[in-house]
Amino acid sequence: MAEPRTLIAGTARGGALVLEEPLSFWGGVEPSTGRVIDVRHPQRGANVSGRVLVMPSGRGSSSSSSVLAECVRAGTAPAAIVLAEPDPILALGAIVARELYGRTIPIVVATVPGIRTGDDVAVNAAQGLAELTT
Amino acid sequence: MPVELTEGDRSKLNGDHGEAAALAMRIVVESAGVVGARRLIDVSAAHVDGCLYHGLAGLEFAERLVAGGARVSIPTTLNVSSLDLLHPKRGQGDPAAATNARRQMDKYVEMGCRPTWTCAPYQLPDRPAFGEHVAWAESNAIAFCNSVLGARTDRYGDFIDVCAAIVGRAPLAGLHLDEERRARLVLRLEGVPRRLLASDALYPVLGHILGREAGTAVAAIAGLPAGTGEDRLKALGAAAASSGSVAMFHAVGITPEAPTLQAATGGRKVPVVAVTAERIRAARDELGTATGEALGAVSVGTPHASIRELERLAHLVAERRLVIPLYVNTGRDVLAKAERSEWFASLVAAGVEIVADTCTYLVPIIEAGPGPVMTDSGKWAWYAPANIGVDVVIGGLEECVDSAVAGRVVRDESLWADG
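Protein chains in written order, with our numbering: chain A, 1 to 134; chain B, 1001 to 1419.
Among these hints, one or two may not hold up.
A partial selection of chain B residues facing chain A, derived with a Cβ cut-off under 10 Å [said to hold, decoys possible]: (1) Leu1052; (2) Glu1110; (3) Arg1114; (4) Ala1241.
Chain A residues, not near chain B, derived (Cβ > 10 Å throughout) [to be verified]: (5) Ala12; (6) Ser32; (7) Ser61; (8) Glu85; (9) Thr117; (10) Leu129.
Hint data in this document are derived by calculation from the structure and do not stem from the laboratory.
Values in this document were obtained by computation on a predicted structure and should not be read as measured data.
By construction, the Cβ of each residue, glycine as well, lies at the ideal position given by its N, Cα and C atoms.
Assemble the whole structure, with the sequences as input and the hints as a guide.
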């Protein structure tokens, strides 16, 4: 298994929310609450806010960068995002949130079959490699 | 691996061209790191999705750029917003959000972007040429640009679109590179009836399957009829970029980088997925969220209807009475052209509700009676239930019009039967 790789550096800790399917933040997450609103998503109704969000990849819309940046501004963003495949659109949301508000969330690429929803996960994403501990 | 920058790149990064150019270059360079680009390339045009309001972050970003003296340096078109500026009496949702949305739109125009307000910039006359490197955002436009035009854009999100437009540079990565444009899997149509292949109803449903199967990968579709046109490829790509993250596909024998399956895959052996009539029916039913026959309204034209689609709609509604509202979304440039056509009167006479600059799934424009909304768009069917809280039914354009005349779902079920 490849070492976890940092897309956006930072440290965070939170309860894991492991999604079975990719999620588009635009049209999939309500920025005012962090709730999953995609009607076809198996985990509709879950809340990403403050969680270490583990999912296969982003999905769809270019607007997901705006929605993630808005979630960071509104305080409803996940604590960190762990993706199996890199997603430049989500990374952009995190980059712009840092430029605008001086705060952001770490984003890491890793395959983590061992993490389950509810596990307490610490993310330590340095430049380059990242560490995930449960 | 750090990104190699030219003197010009560094000069922008250092603030020699103003604060906004420095901010834009920082974002482009950091994004280049994320996608593993070794250097940046020139891009000749941009399409910006960041003009659509999703909350204060997007507005504050645009304000920060304008305050820093931002100007786009290449021709730049703008995506839909949440407001129909041509028909301002239409529903605009929450008034405070509408005010912010308008402010955000104005900021992008102030930066020198063209107020095109369309998600189908490929329907404008000066679209990119084969092989041209551009920076396009808006998922359906990205898929069309790469797949149908053979121009090259990576899958760009909001913010980097306008940053690339300001600095005229983008990371050399992803779909800018030959190798990344090759198909990694094949969807092969097997036993799909000829009548279904000939109907526009197939294409959004097939796109939905493509999104589910391909995810983020480039796929080739084998078995589509020669001469499958742009409107059908648009519908296919838009659906695939909704249920998946498809930024490019090949239609073998149709799209420019796939004269043969061999050309699409680069000769590599790749997995093959069979797409049968049964799978297509299941995908159609997955896209719909409604049961029963009563309908509240019909909405077509997502992505924005082309001039050909508007003309076809005009012929389908001519001399008929619609008993439920029928909305069509289009871009203001296409609408201006349509208004000069002799068939346009048929749309007006039938009472078709024309929406420009925005889309019926973004803001609560639709005034429907009870019951779901029927659409010919896989993208609309995918997003509308969460965005505007309606149930959906999908069908071809002709079925949509017949349904608007009948006030209930009229679908030719024999079309979808096994071949």
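*Beyond 10 Å from every chain B Cβ - status for A/Leu129*: holds, 14 Å
*Checking the smallest CB distance to chain B, is A/Glu85 really beyond 10 Å?*
Contrary to the label, A/Glu85 does not stay out of reach of chain B, its closest Cβ about 6 Å off (not over 10 Å).
*Closest CB-CB distance from A/Ala12 to chain B, is it above 10 Å?*
For A/Ala12, whose nearest Cβ neighbour in chain B is about 18 Å away, the distance exceeds 10 Å, so it holds.
_Interface hint outcome for B/Glu1110 [beta carbon to chain A under 10 Å]_ = violated, 18 Å
*asked:* Under 10 Å is the threshold here; is the Cβ of B/Leu1052 close enough to any Cβ of chain A for the hint to stand?
replied: With Cβ-Cβ at 6 Å, under 10 Å, it holds.
*Would the hint on B/Ala1241 stand, with a C-beta cut-off of 10 Å toward chain A?*
holds, 6 Å
*Minimum Cβ distance from A/Thr117 to chain B greater than 10 Å, as the annotation requires*: Check passes; 22 Å lies beyond 10 Å.
_chain B versus A/Ser61 - minimum CB to CB distance exceeding 10 Å, so not interface_ = violated, 5 Å
_chain A contact restraint for B/Arg1114 - C-beta distance below 10 Å_ = This hint is violated: B/Arg1114 lies away from chain A, its Cβ roughly 18 Å from the closest one there, beyond 10 Å.
*asked:* So A/Ser32 supposedly isn't at the interface. Is its beta-carbon more than 10 Å from every beta-carbon in chain B?
replied: violated, 8 Å
Hints 2, 3, 6, 7, 8, counting from the list given before, are not met by this structure.
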